[in-house]
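Asks: One line per chain: the protein sequences are A and B, in this order.
All residue numbers for the first sequence refer to the numbering used here, where the first residue is 202 and numbers rise by one.
All residue numbers for the second sequence refer to the numbering used here, where the first residue is 202 and numbers rise by one.
Just so you know, these hints were derived from the structure itself, not from any lab.
Computed from a predicted model, the values in this text were never measured in an experiment.
Warning: the hint list may mix true and false statements.
Identical copies carry no separate label here, and so any pair may be met within one copy or between two of them.
[Unchecked claim] Okay, derived cross-link-like pairs now, DSBU-like style, lysine-lysine, Cα gap no bigger than 30 Å in a straight line:
{"no.": "1", "residue 1": "632", "residue 2": "700"}
{"no.": "2", "residue 1": "836", "residue 2": "762"}
{"no.": "3", "residue 1": "246", "residue 2": "814"}
{"no.": "4", "residue 1": "621", "residue 2": "632"}
2 protein chains.
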Amino acid sequence: MNIHDENGTTVLRRADEKEPPRTLANLLIGKPLATADAPHETIGKVVGLAVFASDALSSTAYAPQEIMAILIVAGLSSYQYVFPIALVIVGLLAIVTISYEQTIHAYPNGGGAFIVSRDNLGMWAGKIAAAALLSDYILTVAVSISSGVAQIVSAFPNLFDYRVWIAVGLIFLIMLINLRGVRESGIIFAVPTYFFVVMMFVTVIVGLVRYFSGSLGTVIDPPEMEMLHSTQVVTGFLLIRAFANGTTALTGVEAISDGIPAFRQPRSHNAGVTLIWMSCILGALMLGISFLGANIHALPSEVETVISQLARTAYDGRGTLYLMTIIATMVILVMAANTSFADFPRLGAFAAADGLLPRQLTQKGARLVFSRGIVLLALMASLLVIIFQASVSRLIPLYAIGVFVSFTLSQTGMARRWFKIGKLKEGEEVKERSSVLRYEPTWKFKMIINGFGAVATFAVMIMFAATKFMDGAWVIILIIPLLVTLFSVIQRHYINLAKKLSMDNYGSPPPRVTRNRVLVPIGGVHRGTLAALRYARALSDDITAVHIAVDPEEAERVRQKWEQWGDGVRLMIVESSYRRFMEPLLLYIDEIYQRKQPNEVITIVVPMFVSHKRATDILHTNTADALREALMFRKGIVITNVPYLID
Amino acid sequence: MNIHDENGTTVLRRADEKEPPRTLANLLIGKPLATADAPHETIGKVVGLAVFASDALSSTAYAPQEIMAILIVAGLSSYQYVFPIALVIVGLLAIVTISYEQTIHAYPNGGGAFIVSRDNLGMWAGKIAAAALLSDYILTVAVSISSGVAQIVSAFPNLFDYRVWIAVGLIFLIMLINLRGVRESGIIFAVPTYFFVVMMFVTVIVGLVRYFSGSLGTVIDPPEMEMLHSTQVVTGFLLIRAFANGTTALTGVEAISDGIPAFRQPRSHNAGVTLIWMSCILGALMLGISFLGANIHALPSEVETVISQLARTAYDGRGTLYLMTIIATMVILVMAANTSFADFPRLGAFAAADGLLPRQLTQKGARLVFSRGIVLLALMASLLVIIFQASVSRLIPLYAIGVFVSFTLSQTGMARRWFKIGKLKEGEEVKERSSVLRYEPTWKFKMIINGFGAVATFAVMIMFAATKFMDGAWVIILIIPLLVTLFSVIQRHYINLAKKLSMDNYGSPPPRVTRNRVLVPIGGVHRGTLAALRYARALSDDITAVHIAVDPEEAERVRQKWEQWGDGVRLMIVESSYRRFMEPLLLYIDEIYQRKQPNEVITIVVPMFVSHKRATDILHTNTADALREALMFRKGIVITNVPYLID
């Protein structure tokens, strides 16, 4: 349908515009929505849980083990504190869940930490949240994959020596899948997530039944540990460190608040219910695994995971149920890593839309740009895996800080939002950038909830940073301000650019171009040259073909052929005494440029060979790119390639 | 000076054409010669020796040690064979030197193995020689740098654990220097080469004087060796293996025959004399170091080099003279590696001129292409250093094969050339591609000399390949045919391309272009847009500005601004329902393309921001490149960027 308006502007609105292909990324970030469209194909709570919960639920695979890894230095007797610590963490989970429940209802179009902190606290807070989240996504990949490989190694101890390369291989496999942009449905997520949930509950329930009936016992043949008979005593500091490690269980809880638009209407309601289900499952598994892990005296080891020790104790050996549990755990960890591959470019796009990152990142369709983000993520995560030798325990001190920074900012932003709502009159509505503020009588209560969430997550963040600083947390504490600085530099560049390009104070436009001098550099007279000449003819009547005479005999051949095929166009042969091509050509162009009038432009038309065999591209000189590079800063010179298909 | 001829062709001959800047590469490969010019600024024998000898002379730093490294498995008593083996190697050196002496006089413009074998044996031989030499250059860098680092480690044993990274660091330093293209004079070569020659002769003479006066003794506190008390006996196979290792002393002897054009007139005479000097120095050092090394019972070790053990025995400890000897050795090894950085791209250019490698490599001035060759060489050499842990002994089995393949081909080619000369009449001259054949009465004698050289070097090559096959020689024996295949594939591509582009059977040219439809995609109305519009105006009267309306409010702003600034040009607003930019634009272009007449072209004019701060380029969307990529195969669409300088 075309609508013409009176000023010569035509508006093209395509009724049949095709929906872009659905990719794994689309599914995670919500189906691409037509601006004017009401959402029609969305997901319900059951699929939603599968899609958004893998990151959060998979953390039960390492969080209990990492609590034990700290306590074990004080010997097995310290295991009495594992369950109480898990209880405190589940309490924290409850606080965070209730806080996010409010965010989900306030931001039905998606309330990630970046948007909530930017809108309510200002751009500086948004920048910190974005920096924290970007580093967190890299760590999610590194930690999840390392933990996934640790599960494989637990079942197949011979693979221990290859764990780093298996991990890097898995990261690159996920990268390739994401680069290809597989079209997937929720089922791909539903199967492994629910398989994991079922297997873990079966394991925990079998374990609990056997424990209370007295038939469980402890791990047979546990992995060797040197520090087992340590005489260190349990200190408050040790307990805090163990607690800090356990808080990694909370990573991924925020995923649903980012993905609200993917849910079926009523979106906020469905997303909120899903969040509560997810937190209940997460909390139950966390308590169950911690309780049983401590009671069977599982030892936190690089060689065998606690999950593996628990499963083979519950199932009396490495049978089918054991193997299914390990596989389920491994797969959900890989799925968790995979979600970062969708989150990372999406957050990049949000930040880019605000001018904090290169603008190209906002173009979802631009495969190349999207690809670069995916490759960057894979490389950074692989680097971490190699540096830390795929050891979850060594990666953990870097993890969780970013998550808790974003929790804190997001909850503070929400509290601030309730405060603003409290100042509205009843029935009043204020439209903000990403949400609508409406008066609510319960604003004080809700402000206190989010405020309490902010204080609690801030306290955990400080605890984590302080107790893990030397173990690696300093890396993240260094990287976040560096990223924030980078955002600011990029933002300043765009602001300055906009000023320079602005039409304000532009004055009157320059006079029209009166002469377009066209140069056609030719290496020889062939079909590609003639295609370029034919195009040049369409641009101007003022054309000069230029041949750089590296070899005098060749130059003579060119002159003779040009007489036959040159269509009467002037030919200039420039002798090159030093057998060079670019320098004499640039010198000649420069001479013409010096004599250029203000209203004249120079167009250089260069044939370019193109072939369906893309590998052969490197066999053809790209003169146009070389000229563009050399003449970039000469005002009034334009370089044009005329493609010539050689196959 | 301009010479117009009658056909509208202008010939531009510049009397003042500037000589290209002299770089380190220029110096090594001969100053850039103006085609019509007689060479005027060339080097004499003293500087010539310094420039071309570093590769050959530096091999005395490892060749004697590598002979001993094989013999030592049969215990110290086997050291009686070190000097005899060195004598045989010097004999081989004499044969090769006399053979190359004849090449130098036959090819006054440079007679590298590639040119000599291609011209006399055919392109297949040229391809093998080129493949052998390219792999050899990579190994020269890896071996020389590894040996250089071994010298440093000998003097500073604490650095042993960091040897791989020091080696990689040095390679990257040399790479950076070559990428920058330092302007250098012969002095830079003369100082370290002569410093090395002097230090080595002083060390050898001091050693010999003390040996014959009976005061030398053996190495105090030699590096530990497990195999020292081995009971293995000396076999013929062991001697052949030791000899094969020692032939690495001959690597680099061919350098002068490549560099003849750099010498002062009479070029061949000067180059020939320099070659003989170089071989004499090399032979003398080889014999001296082998004799002394064996007699002081120096042990071939990764921890301390034979040179280091010899120097501290001759100078009674690690004093100033010792340190000067080590530094001189280290520096000349680095210089030797550096020569490969000039040889590698130069051979690439020769091969490219024959269509065996991408044509761009022939363009000396094209910095980018030259740079890629340098970076490739550095990466490959670094990879070898990392894989072989900077161990000269482990790299040696890969080395020397390439050199002896090229020796054999080159000498066979020369023998063939004498045979052709023998069939000429007296006084007759035949101009071949790179040299002139003139009858010589002594042709039979000279043919026998080159023929003998060919047989000798071929025998060494077979010996080397057979005894070192499993140790790593297989890698090179595999790589050479792979490279030859690659050359053939590339060559075939160029031959096919030339056929397809040929004007034979072209028929009559297509009719002229009757309509040039210009599209100007605009994201907003700003100064860059107006620059693109102004250029579009110069191309055609048929212009449409296209705005992809991702955001309806922004689209309305564009429409209003266009009314003011659009100069009456038609504006098309294409609505994008899925917030995408490229897809709707491509769809729109496609619709216009479908309606295109055969004599119509479509030009898409895209503004491109350019800035002197090149780092900011990644902050600007390069729509033109994306369109070029997407529309490459659409005949009759040309994409043009109009640069707009933003600072």
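Asks: Run every hint past the structure and note whether it holds.
Replies: Each hint tested on the structure:
no.	hint	in the structure
1	632 to 700	within (28 Å within a copy, 67 Å between copies)
2	836 to 762	between (34 Å within a copy, 25 Å between copies)
3	246 to 814	neither (46 Å within a copy, 50 Å between copies)
4	621 to 632	within (12 Å within a copy, 93 Å between copies)
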